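As given, the protein sequences belong to chains V and C, one line each in that order.
For the first sequence, position 116 matches number 116 in this note's numbering, and the numbering has no gaps at all.
For the second sequence, position 138 matches number 374 in this note's numbering, and the numbering has no gaps at all.
Keep in mind that the hints were calculated from the coordinates and are not lab data.
Being a predicted model, the structure only gives us computed values, none of them experimental.
Treat the hints with care, as some may be off.
Below, simulated SDA-like cross-link-like pairs (lysine to any residue); rule was C-alpha separation at most 20 Å, straight line [claimed, not checked]:
#1 LYS75/V <-> ASP489/C
#2 LYS105/V <-> VAL472/C
#3 LYS75/V <-> GLN403/C
#4 LYS105/V <-> LEU474/C
#5 LYS358/C <-> GLN427/C
#6 LYS105/V <-> LEU502/C
#7 LYS553/C <-> SER95/V
#8 LYS105/V <-> ARG478/C
#9 LYS105/V <-> TRP473/C
#10 LYS75/V <-> GLN490/C
#11 LYS75/V <-> MET479/C
#12 LYS105/V <-> MET479/C
#13 LYS75/V <-> LEU502/C
#14 LYS75/V <-> THR501/C
#15 LYS105/V <-> THR477/C
#16 LYS75/V <-> GLU491/C
#17 LYS75/V <-> GLY505/C
#18 LYS105/V <-> ILE506/C
Which chain C residues face chain V? A few, computed with CB under 8 Å, are given here [said to hold, decoys possible]:
#19 VAL482
#20 ALA485
#21 ASP488
#22 ASP489
#23 GLU491
#24 ILE498
#25 ASN499
For each residue, glycine too, the CB sits at the ideal point set by N, CA and C.
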Amino acid sequence: MADTLLHVEGLRAGYGHSMILEDLSFSMGTEAVSIVGRNGMGKTTLCKTLMGMLVPTSGSITFDGTPIDGLPPEKIARHGIAYIPQGRRLFPSLSVDEHLQMFAKGTRGKRWTPEAVYELFPRLAERRGNGGAELSGGEQQMLAVGRALLLNAKLYLMDEPSEGLAPTIVDILIKAVHHLIEEDSAVLIVEQNLRAATSMAERQLVMVSGQIEHETTAAELRDDAALQKQYLGVDA
Amino acid sequence: MTDTTQAGASKIKLGLFDMTPRQVVLMRRVPVVVVSVLVGFAAIWVLFLADRSWTTDTSAGSAIAEPGEFLVTFLDGLTFAGLLFVVASGFTLIFGLMRTVNMAHGAFFLFAAYIAISVQQKMVGKSRNIESSDVSMLDWFVPLLVGATVAAVVGVLMQQFFLRWNQGQDLRQAIITIAVTVILADQMLFQYGGLAKTMTWPGDVVHFFEIFGQRYASSRLFMFAISLVVAVALWVWLNRTRMGMVIRAGVDDQEMVRALGINITLVFGITFFVGSFLAGMGGVMGASFSGVALGTDGQWLLNSLIVVIIGGLGSIKGAVAGSLLYGMVTAFSPAYLPSDYTFYSIIFTFVILAVVLAVRPNGLFGRTE
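With the rest of the complex left out, here is chain C:
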């Protein structure tokens, strides 16, 4: 033993325990080791051990034995991750620049969905039982734009009238946006009723194709393609335009951006517009994908929160990573858990949340402040 370890042997108080610095370093490694073991076990389970008939009794066979089921589960995860990204990127955009945790994000999702559904009904000329063969591309994209724009306008109005005065007051902003959510939810219940409603995919994208003996809906891939377009557009906006530079600089040091003569209030307004537009777009996509009903707003607020907490607040890269992780876990856990335990698959989303926070308290791409 050298002198340095002797000197370093003085005790450090960590919670209830007195530890040497060496022990502290070891303790900090514990979460990483636990995570590696868990991930390794899950991978081996999915690849080799899962079996429909045998003792494990999962609903999908192991990836080696049933590559088709694995691929379908993977595609389910990926396409759901795309939808998650569209919604959560809007959430993280607003949070990153304005430090506003916009609790009305889910309400904008649902509101845009309802608006788009009514516009589609008007355009098709039927109020119920719309078949995808009735729906042209235009009958889907025009409602999408209308719904998302209405959500964006409501978002900007909320920001200009209520949030602008409360810059930096997190609690007030949270309470104001929750109030907006409650009021919007009540009005939507009055207007659209409590039954689930669905938006219909255009006939051109509703096909089924075969992969490894499994049927798969092309509408899910269509949804994923839209998410990719959104991701690329956001990337270009933030990284290749002057306004994107201002937004990133504003996330770093808002006061300095203002001291250099930039009117950040305008940038705030535009960011809020884009963020709420993305919530609305996600709402229309979600309404086509799985339908919406009363309560969908809260569920999607929670989804956005989980994605953004996993990925790191205010980071687009983090929103991508968080969406992928969350999407994959949501798809894989019901398929590969033993059938007696599939009810518990929802718990896994919180397990990843807990695990990520244990290893990286600021999320995967979050910054330390």
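Pulled out of the complex, with its shape left as it was, chain V reads as follows:
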């Protein structure tokens, strides 16, 4: 592992009196990491806490050497974390092109510009003028990824990117993630889908009841039916 990019220590967070994250710790460098786990284990809560949409009750989050816990979402995003949320959360009032143009300011001369996104996902270029709500699930996910790329971030945080998508579309996403890693970006994928999780990242962190319970590799997790059954409830 290279230098630490993201370090999470003893994180606790939740809604009201119900704590979802209990003493969660992990760290990652500029690499791809998957966090896998069953439904209701706190995966989305972790994403929201990392993004500042939920303020942690205790613990620390250090990103690229600066503490970011307690900062508002826009500041965290400006530190270099781009969020691709569960359910895409596109803007129904905006067209495909507007989703990208909205973030185009300041991308000139950087790796990701709207043109570069269209090059990566040619299907989006064909649907430039369409509304965000008129896209297929796969196109919506491409747009959510494209929108995040324009932040030219250090870390891309993806929450359930494969949810509800056809396998061929998932393959396109996997390719895009590989592409990002080759270009020295870090990707943190939170997934329920074992195939997507293991093909996007080598390091696999298993999340159980708001904690990182186990660390393994993609190959090991793919082959170990007992482990899958224990942590993911998958009957292989």
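Chain C: place on chain V using the hints.
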């Protein structure tokens, strides 16, 4: 009868009644049918039946018999709709992004009007009986800009000092803005007195021309032209600029806009500035059109509320539709109601409100949430 209707015959409880699904569907059509009948009747009435001398005794003749009166009524409705749009678009802009029902919108309208009137008096050098021949274009536009800018600055200050801390707390925001209205109204009463004041149109736009034998004031068309400019500018701002995209995205999903690194607090401030500026602009236009007095603030808050409720909260398209509908009804009902009933014309504004809400509870262009 097929099996599906048999299966669908189970009763559904709707209020006091047990109904079959088929009956429920029919019940939902009732408002649409009622509205169509009402609109059809009103159209036939205005086109053919209304008559000044005969039994119906309306103040304007039917559109077929007296096209001039019809056209004048239509122009009255259209130009008033323009003024309504300027004020209500500001209201809906603030509501759409910030979910703030700004009860001080009417107060900004009146405040800008008073400021503009005093600036105009200073510029012309007379404090009373200003004739339009004394007023140049500059003597009208400079007060307009000054008045609207002051309203906008007061609006932004109110937002930064009082509303920013209460994001998402509708009731607190409503009470704070009502408090601002009451305080401003008292100060304005102290400063400007209780008598009605008027802003004077520039001499260049005060002409009368003839259409179908009727005289019509060009100042009303001038006011409408300004409204059109405002509408186009708003459209361009919201649809063709990056900030407009951010505003629309913020209306959709504020949290996500922030998570993508956009400082929405700044956007809020600018939106509040523009919204209050529009209230102020409307105030100056309204002061030239019909004068302002104590109480005009409440009346224009109500006007904005009606337009925005008809059109749908937070929608510019809705503000256009709501203004047109409201403007037309305000112009047509006194002209085409039998003269014994013209007092009741104000009721018609609430009739359209009730009818629109019955058919589309979120307003014509409102979104369902």
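Hints versus structure:
Between LYS75/V and ASP489/C the alpha-carbon distance is near 17 Å, which keeps this suggested pair within the 20 Å criterion. Taking the CA atoms of LYS105/V and VAL472/C, the gap is near 19 Å; set against the 20 Å cutoff, the hint holds. For the given pair, LYS75/V sits about 19 Å from GLN403/C by alpha-carbon distance, which is consistent with the 20 Å threshold. Simply put, LYS105/V and LEU474/C have alpha-carbon atoms about 17 Å apart, close enough for the 20 Å limit, and the pair holds.
Straight-line distance between C-alpha atoms of LYS358/C and GLN427/C comes to about 16 Å, which keeps the hinted pair within the 20 Å bound. For the given pair, LYS105/V sits about 16 Å from LEU502/C by alpha-carbon distance, which is consistent with the 20 Å threshold. Between the alpha carbons of LYS553/C and SER95/V the distance comes to roughly 17 Å, so the proposed pair stays at or under 20 Å and holds. Under the criterion of a C-alpha separation no larger than 20 Å, the hint pairing LYS105/V with ARG478/C is consistent with the structure, at around 9 Å.
For the hint linking LYS105/V to TRP473/C, the alpha-carbon distance of about 17 Å falls within 20 Å, and the restraint holds. For the suggested pair LYS75/V and GLN490/C, the alpha carbons sit about 15 Å apart, so the restraint of at most 20 Å is met. Taking the CA atoms of LYS75/V and MET479/C, the gap is near 19 Å; set against the 20 Å cutoff, the hint holds. Annotation: proposed proximity of LYS105/V to MET479/C holds, straight-line Cα distance about 11 Å (limit 20 Å).
Taken as a hint, the LYS75/V and LEU502/C pair is honoured in the structure, with Cα atoms around 13 Å apart against an allowance of 20 Å. Between LYS75/V and THR501/C the alpha-carbon distance is near 12 Å, which keeps this suggested pair within the 20 Å criterion. A threshold of 20 Å between alpha carbons decides the hint, and for LYS105/V with THR477/C the separation of about 12 Å falls inside it, so the pair holds. A hinted pair counts as satisfied when its Cα atoms are at most 20 Å apart, and LYS75/V with GLU491/C qualifies at roughly 13 Å.
The straight-line distance between the Cα atoms of LYS75/V and GLY505/C is roughly 18 Å, inside the 20 Å bound, and the hint therefore holds. Between LYS105/V and ILE506/C the CA atoms are separated by roughly 18 Å; this keeps the pair inside 20 Å, and the hint holds. The beta carbon of VAL482/C comes within 6 Å of a beta carbon in chain V, closer than 8 Å, and the hint placing it at the interface holds. With its C-beta approaching chain V no nearer than about 4 Å, ALA485/C sits inside the 8 Å limit, and its interface hint holds.
Hint status for ASP488/C: holds, given a least beta-carbon distance of 4 Å to chain V, under 8 Å. For the restraint placing ASP489/C at the interface with chain V, the shortest Cβ-Cβ distance is roughly 6 Å, inside the 8 Å limit, so the hint holds. A least Cβ separation of about 6 Å between GLU491/C and chain V falls short of the 8 Å threshold, and the interface hint therefore holds. Checking ILE498/C against chain V: minimum C-beta separation of about 6 Å stays under 8 Å; hint holds.
Interface hint status for ASN499/C: upheld, as the beta-carbon distance to the closest one in chain V is roughly 5 Å, under 8 Å.
Checked against the numbered hints above, the structure violates none of them.
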